[in-house]
Amino acid sequence: MGKSSLSINEVRDMMLAAADRIIESEPILTDADRALGDGDHGVGMERGMTAVKVALAGKEFPSVGKVFVGVGTAMMSSMGGASGAIFGILFRSGGKAVGDATEFTAVELANLLREGTDQVMTKGAKPGDKTMVDALFPAAGKAGEVSGRPIDEALVAVAAAAAAGRDASKDMIATMGRAKTLGENSLGKPDAGAVSVSIILAAMSDFVAGL
Amino acid sequence: MKKLINDPLKVADELVEGLVEAYNGECRHVGTRSIVKSDIPEGKVSLLIGGGSGHEPIYHGLVGRNLADGAACGDIFAAPPPNIVLEATEAVNRGKGVLYLYGNYAGDVLNFDLGAELASDDDIEVRTVLIWDDVCSAPPTQKHNRRGIAGLVPIVKLAGAASQKVSSLAELEAVAKKAVLQTRSVGVSMAPGSIPATGKPTFEIDEDKIGLGMGIHGEPGVGEIPMTSADELTAQMLDLLFADYEKDEEVDALAPGDEIVFFVNSLGATTMMELLIALRKAKAILMERGLKIYDVIVGPLVTCQEMSGISFSVTRLDEELKAYWDMPCQSVCYSKMEGHYGG
Chain A
14 MGKSSLSINE VRDMMLAAAD RIIESEPILT DADRALGDGD HGVGMERGMT
64 AVKVALAGKE FPSVGKVFVG VGTAMMSSMG GASGAIFGIL FRSGGKAVGD
114 ATEFTAVELA NLLREGTDQV MTKGAKPGDK TMVDALFPAA GKAGEVSGRP
164 IDEALVAVAA AAAAGRDASK DMIATMGRAK TLGENSLGKP DAGAVSVSII
214 LAAMSDFVAG L
Chain B
98 MKKLINDPLK VADELVEGLV EAYNGECRHV GTRSIVKSDI PEGKVSLLIG
148 GGSGHEPIYH GLVGRNLADG AACGDIFAAP PPNIVLEATE AVNRGKGVLY
198 LYGNYAGDVL NFDLGAELAS DDDIEVRTVL IWDDVCSAPP TQKHNRRGIA
248 GLVPIVKLAG AASQKVSSLA ELEAVAKKAV LQTRSVGVSM APGSIPATGK
298 PTFEIDEDKI GLGMGIHGEP GVGEIPMTSA DELTAQMLDL LFADYEKDEE
348 VDALAPGDEI VFFVNSLGAT TMMELLIALR KAKAILMERG LKIYDVIVGP
398 LVTCQEMSGI SFSVTRLDEE LKAYWDMPCQ SVCYSKMEGH YGG
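Protein sequences appear in the order of chains A and B.
Going by our numbering, the residue at position 181 of the first sequence is 194; the numbering climbs one at a time, nothing skipped.
Going by our numbering, the residue at position 92 of the second sequence is 189; the numbering climbs one at a time, nothing skipped.
Next up, chain A with everything else stripped away, as it sits in the complex (with noise of 0.2 angstroms):
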């Protein structure tokens, strides 16, 4: 039997559990920069992730929404760089796309990961160009399709999606970016925010299955 939503409370410490794993995976994500970029999205993201942890530990919310907007502003205002702006738009653009809902379903997964997906998008980058909308783009596709279904279901199959995802963007060549002037030589390695994007989905995943 599946969980079909979660507490605001459990959505704070389900973003606490994805800080965490973002944390830990500080060195992977190092290196996956380190093949494409000047190796500094490891850095970025933990410190983005400290920052959010901060900013959600202990802490009561009104609405599910606003522990979303909390995420991104805490990764904006720490981060900088592409990916603080980035990740930041993502997660406030999408935590407001949520709004005032008290519960989180399927349903406000896939309007985070929607409204989240299109304003990223808004700043240039399509599927395919190697960014972190490779692992984005086919997450919030699922997760449109998979939005009557139990929360843990659905973000199974979304985070499952982003990994595929996150895998097909080692297949493609840069064009955005300080990777884009690799050209070709970006082929066979995995973009590092793509990487960050399917991390913290099975972040979310793993904590709500083991509620």
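Treat the hints loosely; a few may be bogus.
Said to hold, decoys possible - Derived DSS-like pairs: lysine-lysine, alpha-carbon spacing no greater than 25 angstroms straight-line:
no. : chain 1 : residue 1 : chain 2 : residue 2
1   : A       : Lys183    : B       : Lys297
2   : B       : Lys433    : B       : Lys419
3   : A       : Lys136    : B       : Lys274
4   : B       : Lys107    : A       : Lys66
Derived from the structure by calculation, the hints contain no laboratory data.
Go by the hints and put chain B onto chain A.
Relative to chain A, chain B alone:
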């Protein structure tokens, strides 16, 4: 890598604190991580620069007399977040608007644009001019996609001088755009710098290779060439520069009699000795072409930690830009007297 630091995650904050001490009262620390001139007069059109830290003495070292009014400082090699851009914008604004002038990197553009949006909520008028001088990062037809590298030093010098004289933001924007259009750079790399927080190198390159056109974070350029002599490398780099002015339909080719500022930059580890050896050859080639060297800058001003490599930047001056160049300026990064050196 032996690094003289304290907490690896606090290097950006601590270097900015130290920079404020180097300014000795000329500039102050504002908000999270901004540096702002202490005496910006009311009614001045303001010039704001910024970018990731770790490239000292730029960008924040270019705040000063007849230079930038302030800088929004990011973490190491990372653009400043929007809240830092906003705090710097508010601190430099004197009612005539603020020009953002910075290197063209995706992260900087995203964050400065978000900062400009926040500033417009406060009714501060912001315009942006991007610096894209690295000719090896995109062909002339796509030059607005290029990275900004060492050319920012002469560009900020000219815009800073202009910001003292102009009466509107649009005028300052026009001068900055002209300076950007007339400035082109070529960089090479022989060895990487390191990321202070991890100690890891920013990229890898074989001991016997030179990355021709490589960016200041190790972004690839036009390819790797075998290690060579200073004179041969200098000639190759200048050929790339000359070719760019020739191919770009928006500017004239460099022609005999043109007056230029020539800047030889070290990426960090390359010594003044090596820069001077390169300058010696460069001067001969430039003279052969009939170019007049109006002024010379030599030194490690746009760096990436202990990265080994050099860059050449050319800025062609017309009468308007010469008048701005002649103004004196002073900062931690670059200072000059009134007029120009020899030429």
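request  = List in ascending order the numbers of the hints, as given earlier, that are violated by the structure.
outcome  = none
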